[in-house]
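Chemist: One letter stands for each residue in the lines below.
2 protein chains.
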Amino acid sequence: MEIINRVARMSSISAKILANELKIGLVSTMGAIHPGHLSLIQAAHRMTDVVVVSIFVNRLQFLTEEEYRNYPRDLTKDFDLLSGEKVDYLFTPPENEMYPEGFSTYVQVEDFGRKLPGLYQSTYYRGMTTSVVKMIHIVKPSFIFFGHKDGMQGAILRKMIRDLNINTEVVVTPVARDASGLAYAARNVFLTEPQKAAAAVIQRGIQAAERAIEAGEGSARKIIKQITEVIESESQALLEYAAVVDPGNLEPMSKIRRPALIAVGARIGNTSLNDSLLLE
Amino acid sequence: MEIINRVARMSSISAKILANELKIGLVSTMGAIHPGHLSLIQAAHRMTDVVVVSIFVNRLQFLTEEEYRNYPRDLTKDFDLLSGEKVDYLFTPPENEMYPEGFSTYVQVEDFGRKLPGLYQSTYYRGMTTSVVKMIHIVKPSFIFFGHKDGMQGAILRKMIRDLNINTEVVVTPVARDASGLAYAARNVFLTEPQKAAAAVIQRGIQAAERAIEAGEGSARKIIKQITEVIESESQALLEYAAVVDPGNLEPMSKIRRPALIAVGARIGNTSLNDSLLLE
Numbered sequence: 105m106e107i108i109n110r111v112a113r114m115s116s117i118s119a120k121i122l123a124n125e126l127k128i129g130l131v132s133t134m135g136a137i138h139p140g141h142l143s144l145i146q147a148a149h150r151m152t153d154v155v156v157v158s159i160f161v162n163r164l165q166f167l168t169e170e171e172y173r174n175y176p177r178d179l180t181k182d183f184d185l186l187s188g189e190k191v192d193y194l195f196t197p198p199e200n201e202m203y204p205e206g207f208s209t210y211v212q213v214e215d216f217g218r219k220l221p222g223l224y225q226s227t228y229y230r231g232m233t234t235s236v237v238k239m240i241h242i243v244k245p246s247f248i249f250f251g252h253k254d255g256m257q258g259a260i261l262r263k264m265i266r267d268l269n270i271n272t273e274v275v276v277t278p279v280a281r282d283a284s285g286l287a288y289a290a291r292n293v294f295l296t297e298p299q300k301a302a303a304a305v306i307q308r309g310i311q312a313a314e315r316a317i318e319a320g321e322g323s324a325r326k327i328i329k330q331i332t333e334v335i336e337s338e339s340q341a342l343l344e345y346a347a348v349v350d351p352g353n354l355e356p357m358s359k360i361r362r363p364a365l366i367a368v369g370a371r372i373g374n375t376s377l378n379d380s381l382l383l384e
Numbered sequence: 105m106e107i108i109n110r111v112a113r114m115s116s117i118s119a120k121i122l123a124n125e126l127k128i129g130l131v132s133t134m135g136a137i138h139p140g141h142l143s144l145i146q147a148a149h150r151m152t153d154v155v156v157v158s159i160f161v162n163r164l165q166f167l168t169e170e171e172y173r174n175y176p177r178d179l180t181k182d183f184d185l186l187s188g189e190k191v192d193y194l195f196t197p198p199e200n201e202m203y204p205e206g207f208s209t210y211v212q213v214e215d216f217g218r219k220l221p222g223l224y225q226s227t228y229y230r231g232m233t234t235s236v237v238k239m240i241h242i243v244k245p246s247f248i249f250f251g252h253k254d255g256m257q258g259a260i261l262r263k264m265i266r267d268l269n270i271n272t273e274v275v276v277t278p279v280a281r282d283a284s285g286l287a288y289a290a291r292n293v294f295l296t297e298p299q300k301a302a303a304a305v306i307q308r309g310i311q312a313a314e315r316a317i318e319a320g321e322g323s324a325r326k327i328i329k330q331i332t333e334v335i336e337s338e339s340q341a342l343l344e345y346a347a348v349v350d351p352g353n354l355e356p357m358s359k360i361r362r363p364a365l366i367a368v369g370a371r372i373g374n375t376s377l378n379d380s381l382l383l384e
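Protein chains in written order, with the working numbering: chain Z, 105 to 384; chain F, 105 to 384.
By construction, these hints were calculated from the structure, which means they are not laboratory data. Note that the structure is a prediction, hence the values are computed from the model and not measured. Misleading hints may appear alongside valid ones.
Since the list can't tell identical chains apart, any single copy or any two copies may satisfy a pair.
Using 25 angstroms as the maximum straight-line C-alpha spacing, the simulated DMTMM-like pairs for lysine to aspartate or glutamate come out as follows [stated by the list, open to error]:
no. : residue 1 : residue 2
1   : K326      : E336
2   : K120      : E273
3   : K359      : E384
4   : K359      : E205
5   : K120      : D153
6   : K190      : E125
7   : K329      : D350
8   : K359      : E344
9   : K359      : E199
10  : K329      : E384
11  : K181      : E355
12  : K300      : E318
13  : K181      : E106
14  : K329      : E170
Starting from the given sequences, assemble the full structure and let the hints guide the process.
Modeler: Right under this line is the structure:
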């Protein structure tokens, strides 16, 4: 695994790989590598010739400076975890190369997910799309891999890529979970053990929705009510959103039809967690 | 010259050209081909292996539907003019492929040129940058060529390309002019002969500024005053803006230092015209 921390060098290595007609797979992360990332790397290996993992804590994706500062960073531990996988390049660009002084160009997907109250955070998504476009231009991947935990992310990136004619495909893989059912996430490190146990309620809410839909429930309102009841049954959990949307355009559904994306967010203590399920 | 009117086909032809390690030059136009475009094509030939000219009247760059509808379109005449040059591909994508229903992703350079009163038209520039990013993703040029007539355009595109790590270089060539000194522009077709004669005052204003600076005038305020006086000497011309800016960041200068971009816009009848000069 070669570590690259210069944008220009990564860009020129990627150009050489493409000139040899090899396909690049990019797993774009903010570090705090966990088993969810490792499953993305394995998927990248199955689909591409050269696997690049990027670690960049993207300031634009944080709503407050404090959240940005507190985000877990441990490059040594990340490196150890990645060493167990076949990663060809680890790309860790410095902040001042990704966002040099005076940086001011943004990529924004508008009118998408806006009807999802409490969910659509314009600043967050603008930061995410801007950073992903930069990463795609630098690393030039044929495929970019994301987990399904934040189901909105994949849908928004697919829309952006289609609208801007970007020659990269988004691959969204199933959520990786620990034994309790909790989706792996960087911010799980902020949870105490009792909070971790409580957080498993999020997946239980989604599973209840899935079972109800499979049993024939067709009303999105009733499904959302059911998720809400499950989450509220756990006193440490505060529901932030529950939505059933068309994954193609993020429009909320009233009658359930497939494909449907069930997305749930809940706060456990001070930590916001996301989970989602795609019913195909 | 092969005409291509499908986005997917242009994209796949460009990929094949790159796989053969040839460089593509893109002259991105809205049609109404004039000698200014032809000089861009000639520059593209000198610098690249394969020249692509795109013709696409970009709705996002117009402030009103009426302006968009009235923009001159004559593909047959454009084709004749281009046939005299060595153009490899003419790319004429249809509106519904460039902006399919539900299109909503935009690229915007913020905080750039905002201090230029009356000049910075956010909608116009957002439409221009969004369309150029799409064209770059489809055509994959090493170099994209623009004339210096709208001096701001080149500066904004360079900033965008730097911020988003796009692997394309912007080449800005000197303004092509008719015998009277009027810069060639698509919208010159809207001018009557007397208006054309009057419009030459714009270049005279810029030349007066250039002479004054070369004679040692160091105050941007005085230079702008001088341009204003020249333009106002022509009763058919209405000054829209006159600015002396740093071409790197479009900040207005108070003391002249090189490089300096002198940009002037004036309305002749109902037609807004631009011209600019870079003092290196």
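Chemist: Tell me, in ascending order, the numbers of any earlier hints that this structure violates.
Modeler: 9, 11, 12, 14
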